[in-house]
Each structure stands twice: as C-alpha cells, then as structure tokens.
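Chain B: place on chain A using the hints.
Protein chains: 2
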Amino acid sequence: MTATTTDFQAWSHQQLQRVEATLQRVLPAPDLAPRRLHQAMRYAVLEGGKRVRPLLAFAAGELADADPERVEIAGAAVELIHAYSLVHDDLPCMDDDVLRRGKPTCHVEYDEPTALLVGDALQSLAFQLVGEYRLADELKTQLEMVKLLAAAAGSRGMAGGQAIDLESVGKSLTVPELEFMHIHKTGALIRASALLGAHCGNGLGAREIGQLDHFAKLIGLAFQVVDDVLDSESSTATLGKTAGKDAKDGKPTYVSAIGVSRARELARELRQNALDALAGFGARALRLRQLADFIVLRKF
Amino acid sequence: MTATTTDFQAWSHQQLQRVEATLQRVLPAPDLAPRRLHQAMRYAVLEGGKRVRPLLAFAAGELADADPERVEIAGAAVELIHAYSLVHDDLPCMDDDVLRRGKPTCHVEYDEPTALLVGDALQSLAFQLVGEYRLADELKTQLEMVKLLAAAAGSRGMAGGQAIDLESVGKSLTVPELEFMHIHKTGALIRASALLGAHCGNGLGAREIGQLDHFAKLIGLAFQVVDDVLDSESSTATLGKTAGKDAKDGKPTYVSAIGVSRARELARELRQNALDALAGFGARALRLRQLADFIVLRKF
Numbered sequence: 001m002t003a004t005t006t007d008f009q010a011w012s013h014q015q016l017q018r019v020e021a022t023l024q025r026v027l028p029a030p031d032l033a034p035r036r037l038h039q040a041m042r043y044a045v046l047e048g049g050k051r052v053r054p055l056l057a058f059a060a061g062e063l064a065d066a067d068p069e070r071v072e073i074a075g076a077a078v079e080l081i082h083a084y085s086l087v088h089d090d091l092p093c094m095d096d097d098v099l100r101r102g103k104p105t106c107h108v109e110y111d112e113p114t115a116l117l118v119g120d121a122l123q124s125l126a127f128q129l130v131g132e133y134r135l136a137d138e139l140k141t142q143l144e145m146v147k148l149l150a151a152a153a154g155s156r157g158m159a160g161g162q163a164i165d166l167e168s169v170g171k172s173l174t175v176p177e178l179e180f181m182h183i184h185k186t187g188a189l190i191r192a193s194a195l196l197g198a199h200c201g202n203g204l205g206a207r208e209i210g211q212l213d214h215f216a217k218l219i220g221l222a223f224q225v226v227d228d229v230l231d232s233e234s235s236t237a238t239l240g241k242t243a244g245k246d247a248k249d250g251k252p253t254y255v256s257a258i259g260v261s262r263a264r265e266l267a268r269e270l271r272q273n274a275l276d277a278l279a280g281f282g283a284r285a286l287r288l289r290q291l292a293d294f295i296v297l298r299k300f
Numbered sequence: 001m002t003a004t005t006t007d008f009q010a011w012s013h014q015q016l017q018r019v020e021a022t023l024q025r026v027l028p029a030p031d032l033a034p035r036r037l038h039q040a041m042r043y044a045v046l047e048g049g050k051r052v053r054p055l056l057a058f059a060a061g062e063l064a065d066a067d068p069e070r071v072e073i074a075g076a077a078v079e080l081i082h083a084y085s086l087v088h089d090d091l092p093c094m095d096d097d098v099l100r101r102g103k104p105t106c107h108v109e110y111d112e113p114t115a116l117l118v119g120d121a122l123q124s125l126a127f128q129l130v131g132e133y134r135l136a137d138e139l140k141t142q143l144e145m146v147k148l149l150a151a152a153a154g155s156r157g158m159a160g161g162q163a164i165d166l167e168s169v170g171k172s173l174t175v176p177e178l179e180f181m182h183i184h185k186t187g188a189l190i191r192a193s194a195l196l197g198a199h200c201g202n203g204l205g206a207r208e209i210g211q212l213d214h215f216a217k218l219i220g221l222a223f224q225v226v227d228d229v230l231d232s233e234s235s236t237a238t239l240g241k242t243a244g245k246d247a248k249d250g251k252p253t254y255v256s257a258i259g260v261s262r263a264r265e266l267a268r269e270l271r272q273n274a275l276d277a278l279a280g281f282g283a284r285a286l287r288l289r290q291l292a293d294f295i296v297l298r299k300f
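So the protein sequences, as listed, match chains A and B. In terms of the working numbering, the first sequence is residues 1 to 300. In terms of the working numbering, the second sequence is residues 1 to 300.
Chain A with its partners taken away, still in its complex shape:
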C-alpha cells in the first residue's frame, strides 16, 4: 500500500462518514408518519452502497474549492436519486432481484407497493434538498443544478437508459450500442454528480466544466465496464447483489460483447482517457484522479 493510497483511503473514509451523516439527517425520521414508508426509505438508502456518486461530488467540489457543507447536500441528492433507481430496478416487474447492498431488496423486506412509493418519495426528496439548502453562490447556478439533476434522472438520462436496457434484453449489442445505453443508464447521473459538486464552488469556468464533464463521462463508462467484469467473475457474497444476473437475464454486457480480457483493457483505456481530460487541472484534481483509479482498480 503506497502513501497516496492510504491518503485516499483516509480522505474517502472521511467523506463517506460525512455522506452517511447527511443522509441520516435529511431522510425523514423513522418515527415520523407515515412510519412504515419512512422506515423503508431509510432501509433503502442507509448502511450500504459504495457511494461513488457522492465521492465524485466531493472530489469535483475540491476542484472548485467548494464548501463541503454544500457538497454533502448535493452528494446526498444524487445518492437519493441513485437509491430510488435501485429500488425500482429491483421490483418484480423490472429485474426482480432479491439482494441489494448485501441485504434483501426493499420490496422483499417490506412489500411491493411500499417499495414503489419509497422510490417515488426518494426522488422527490432529492429535489427538495436542492430547492431547500443554499448550494451555490449564485441562485441562478442553483436552479441550473435543479435542471441538471432532473435531466440526468429523466427520460433522456437515467430513466431513458433503463428503457433502452429493457429493449435490449435478449439482443446482442455492439460496443457503441452498449455505450449509448450506459451513457444514459448510469453515465448521466455520474456526470451530474461531478457537475453538482463543482457548481457548489465557484472556481471553474465553462471550459473547465466541460473538461470535468468529459472526465465524468469516461469514468462512468469505465465504472460500467468494471461492473460487468466483476459481475462475471465474482460471487454474490462479494458483490452484495446477485452475481451473473445480467448474463442470466439475457442482458448484453461488455463481457458478452467483447470478452473479459478486452473488457479489462477497455476499462484501462477509459481510465487513461479520463485522466488525460484532467491534464489542465494540476494538483486540484488529485482526488478525481485517485477516484478514477479506485473505480477502475476496485475488487467489488
């Protein structure tokens, strides 16, 4: 373990604690009516998940010299959107999955209608946070954050990617087609995470925002390629979700499209291109670089 790795571990540990504390605080209390819904919302969000999106918001926030008290709210909002999408994806009419983040999925632990409402209410809560807390120097920027998060979550972003995913079951996609799907399904929200983190600060011009966005796009794809590789090689216990499920469900993956070895190579290429996109930033982009490595080199 190198000094830099240790340093990143300490940093990410600190940010993760911050994210957990923020999510704990912004989620409605478990004894607040309607209690079962609030308990299920907390179940779906707390204690679990790699929190890659909030970490990316924090790393981008450092690039833009942003107040961490703002970034923690922006990061929580993005994580709430992500958590809602997992709850809905796991429903019987979608992926029908029983295990998520090492626990029974929300509809298994509670019930299907509750899980549906949990997802719906988590999405609302995400926008409530962006409307309620002061997140940017300029209010105009903060409204831009509302729009950005909504577009990333919506039919031309994450939800649209899910729809493309549904249409792709049983088909064999080319790498450009897989890219198109993932740029929507996971990429849009990952890019939003970076941009929201940056908008909490005021250090970046339009060109730098464009470079950060490009970095996030590449790292989002790398994240998905690595996910596909891990899904094909790991056990359910290690992943905390059902391993090999995509392949079993007839969903196209990078591994099914180009094989494990080429997929690993692709992840390394994407990482290198992502790091190249940060070239102009210097030391301010340290956490973004480390996060890129963490995402590509992770084992779970």
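Hints in this document: simulated from the structure, not taken from any laboratory. Model, not experiment: these values are computed from the prediction. It cannot be assumed that every hint is accurate.
[Said to hold, decoys possible] Label-pair restraints from in silico Cβ distances:
hint	chain 1	residue 1	chain 2	residue 2	range
1	B	Pro104	A	Glu109	29 to 37 Å
2	B	Glu269	A	Glu109	40 to 48 Å
3	B	Arg25	A	Ser261	43 to 51 Å
4	A	Asp96	B	Thr141	43 to 51 Å
[Unchecked claim] Here are the computed lysine-lysine pairs in the DSS-like style, where the Cα-Cα straight-line distance is at most 25 Å:
hint	chain 1	residue 1	chain 2	residue 2
5	B	Lys171	B	Lys241
6	B	Lys140	A	Lys140
7	B	Lys299	B	Lys50
8	B	Lys147	A	Lys140
9	A	Lys241	A	Lys50
10	B	Lys103	B	Lys248
11	A	Lys147	B	Lys147
12	A	Lys241	A	Lys103
13	B	Lys248	B	Lys299
14	A	Lys299	A	Lys251
15	B	Lys140	A	Lys147
16	A	Lys103	A	Lys50
[Claimed, not checked] If you want the ones that stay clear, here's a sample from chain B, every Cβ over 12 Å from chain A, calculated:
hint	residue
17	Gln17
18	Leu230
19	Lys299
Virtual Cβ for every residue (Gly too), placed ideally from N, Cα, C.
Frame of chain A, contents of chain B only:
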C-alpha cells in the same frame, strides 16, 4: 345557464387549451429516443383528465397578477406530478386498475416496466421545468417553488398519502382520519398548484398566501368528498375510470364513513368555508370562486 357560468366556461376552455399546448410542447417528442418511453409518457399525460390542478394554478395566478406564460409551465409541472401518480397508482401492485381517463391504463396499453419508468420520468420532467424556465420575479422564490413542489409530492405529501391509503385498506376510518389521508394524498398537490400559480406573480404578501393556501386546502378536501360521492353514484363510462372501485377494494371513503347525504352536505360546507377564506381578495379572486363551484357542483 347563467352569464357567469358561460364566462367561466369560456375562461376554463381557454386555460385548458393553454395547458394542453404546454404539455404537448414540454413532453419529449414521440420520435425522440427512447421512443417507446416517450410515446408512453405522452399517452399517460395528453388527451384526458380534468386538469383541475393547472386550472387552480391559473386562477391563483390571476389573483397574483402573474404572467400566464409562467403559470402554464408551473401548471404543467403540477399536472406531470399528478399524471405520474396516476400511472403508478394504477399498477398491478397498487390499485391494479385497467381504465383511466377513459382509456386503458398505461401499463395495460404498454407494459408494467414501461409504466413504472413513465411515472419516474414524468416526476423528473416536472422538476426539470421548474429548474429550466424563468417562473418568478425573484430566483429565491423560484427555488422556493422547487422545494414546495417536492415537499407536496414526497413522503410528507402525496406519496405519504398513498402510503396511508395502503395502510387503511379494510379499515373503517373516522372523518378526521379520512381528512388526514386526503390532506396528504390529494390535498398537498392541490395546495401546491395554487401556491405555484401565485408565486409566478408578485402581488401577494405572506398573509394573502396563507389565505390562498387555506382556500386550497378546503377545496382539495371538497374535491375528494365529491369524488367519493360521484364514485358511489356514477357509471364507469361517465367517470372514465372504474366506478365503485374504492368501495370494492375495501378502501374507506366519505360515503362509507358518513353516507351519501351527509357527504354532499360536507362538500357544500367545505365550499362555503373555502369561499370565506377568499373574502379579503375581492374581484381578483373571481376565478378561484368559480373554480370552487365547478369542483363541488361537477357531475363527473
């Protein structure tokens, strides 16, 4: 038919055309990818519905001297939230209904996973509108609108009301308990409609906003009481949704709690109290008064 009624009909006809044109415009085009999702979103929103919430936004907008080009966006945002809630409510795991607004429900016309994503994406689109268009004189007010809409849609508003509804199946509720459910399930979004319409203008102080909110709360309850009466007395063809379904599903209604005759009386009382709340506004509140009558005296 009195002169005033004709006048209201002409006014509401004009506003409804405006709402339809706005929804047509802000919904993603049917030939835009992912096409099936976008077609299903349009199916779920366009051509149908009484559009009570946008009408309320327009009436409150007139009270606050608001630009109709702003109010039409705010009204569309509220209607998108309402439409998403109907799509999710109709799903097999919730009310399992096959008819809505005189057409097959979204999951019947398309499929269940698509309907789930339609609801999710409509919610995102609502917030995208409030983030994207200039809706208020002060940006601070516009962020307040984001927060207000999100709170009205979320676990302490509409989604929470749905959860309370789920818990109430097979129970016999008292009138205060019914009120508590409906204040969340339908009331929160109806109040948000009025407040969003008013925030598009700049004519109202905090006290007047409070009076408008009180009016909307009462009229929201009246709307629900009338709904229960109509549901118990009308045919499926007249309603455009399955008649008598709540009673059949063991859901408590005002009719099951206090009978048809007392429910009609309650609706009249709520209307009178709602009109009283507008007493200080004078002629500016004409459309709100007419809308209260329309809601309570409607036959469908």
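Verification of the hints:
no. : hint                               : result
1   : B:Pro104 with A:Glu109: 29 to 37 Å : holds, 32 Å
2   : B:Glu269 with A:Glu109: 40 to 48 Å : holds, 43 Å
3   : B:Arg25 with A:Ser261: 43 to 51 Å  : holds, 49 Å
4   : A:Asp96 with B:Thr141: 43 to 51 Å  : holds, 44 Å
5   : B:Lys171 with B:Lys241             : holds, 23 Å
6   : B:Lys140 with A:Lys140             : holds, 9 Å
7   : B:Lys299 with B:Lys50              : holds, 12 Å
8   : B:Lys147 with A:Lys140             : holds, 15 Å
9   : A:Lys241 with A:Lys50              : holds, 12 Å
10  : B:Lys103 with B:Lys248             : holds, 21 Å
11  : A:Lys147 with B:Lys147             : holds, 13 Å
12  : A:Lys241 with A:Lys103             : holds, 8 Å
13  : B:Lys248 with B:Lys299             : holds, 21 Å
14  : A:Lys299 with A:Lys251             : holds, 22 Å
15  : B:Lys140 with A:Lys147             : holds, 15 Å
16  : A:Lys103 with A:Lys50              : holds, 14 Å
17  : Gln17                              : holds, 25 Å
18  : Leu230                             : holds, 25 Å
19  : Lys299                             : holds, 32 Å
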